[in-house]
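Undergrad: Starting from the known structure of chain C, arrange chain B on it as the hints suggest.
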Amino acid sequence: MIRTRVGYTGGATPNPTYHRMGDHSEAVQVDYDPNVISYRDLLEVFWGRHNPTKPNSKRQYMNAAFYHNEAQKKLLEDTRAEVVKGLAAPVTTQILPASIFTLAEDYHQKFSLRGYPALLDTFFEIYPDFKEIVNSTAAARVNGYLAGHGTQERLEAEITSFGLPEKAQQKLWEGLGKRYGWCLA
Amino acid sequence: MFFSPVTSLSSIPPIDAAAPQTFETATFAFG
Chain C
1 MIRTRVGYTG GATPNPTYHR MGDHSEAVQV DYDPNVISYR DLLEVFWGRH
51 NPTKPNSKRQ YMNAAFYHNE AQKKLLEDTR AEVVKGLAAP VTTQILPASI
101 FTLAEDYHQK FSLRGYPALL DTFFEIYPDF KEIVNSTAAA RVNGYLAGHG
151 TQERLEAEIT SFGLPEKAQQ KLWEGLGKRY GWCLA
Chain B
1 MFFSPVTSLS SIPPIDAAAP QTFETATFAF G
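So the protein lines, in turn, are chains C and B.
As numbered in our numbering, residues 1 to 185 make up the first sequence, in order.
As numbered in our numbering, residues 1 to 31 make up the second sequence, in order.
Same shape as in the complex, but just chain B:
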């Protein structure tokens, strides 16, 4: 059985758990 010692599911902040699985990425460089 896989056990993650790092993070239990219940401790993940709700806003992280609710983050959409589909998203877009943008990249910028501001000198």
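Same shape as in the complex, but just chain C:
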């Protein structure tokens, strides 16, 4: 995963914000290296992490995948057909063309990292402009670990590649130790 960001998309309302989202939906956008992870792998996570039969009663919380090219569209349709086979209720998850994606407000970005001000300050020392933190692979990965994703072994293997000072690495381990019982072997 190269970077992640949250925002609003799928609608026509110009310049959406959290409080004036209009017909947009809350969404996550990821940039990924297809040589490392495939779109099909991402779709396994997508279909596995939401209830595809939930009624889309509120546009804000709609379940949808937005395709950026025809190959993504075909994989979405193929995988939806597989999902349909295992369900009694109709699948309500939408497959829609990607459109303008408006970044959500800063306070929604890197939400788990924001719970660790000392770590976030380290990123601000590197990138005073928060937009660059949003675009940072290191920030995305630290945010992911703090949100409970990944494994201790994986973090041990890659933490030095994040480019964080030793003190910040210790802060990350402390945070994960308190929250998930992780510790350095």
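Among the hints, a few may not be true.
[Claimed, not checked] Label-pair restraints from in silico Cβ distances:
#1 C/147 with B/20: 18 to 26 Å
#2 B/20 with C/95: 20 to 28 Å
#3 C/74 with B/11: 36 to 44 Å
If you are wondering where the hints come from, they were derived from the structure by calculation, not from laboratory data.
Bear in mind that the values here come from a model prediction, so they are computed numbers and not experimental data.
All C-beta atoms in this analysis are idealised placements derived from N, C-alpha and C, irrespective of residue type, glycine included.
TA: Here is chain B on its own, set in the frame of chain C:
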């Protein structure tokens, strides 16, 4: 000479500097 007061090249985390220039984007909404 262009000078960026924001970020010096040496301070960019290695994993960011090594991010591939070509990538694909995926967008999902999880209600």
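Undergrad: A separate judgement is required for each hint: does it hold in the structure or not?
TA: Outcome of the hint check:
1. C/147 with B/20: 18 to 26 Å: Holds - the Cβ-Cβ distance for residue 147 of chain C and residue 20 of chain B, about 24 Å, lies within 18 to 26 Å.
2. B/20 with C/95: 20 to 28 Å: Cβ of residue 20 of chain B to Cβ of residue 95 of chain C: about 27 Å, so the range 20 to 28 Å holds.
3. C/74 with B/11: 36 to 44 Å: At 42 Å between Cβs, range holds.
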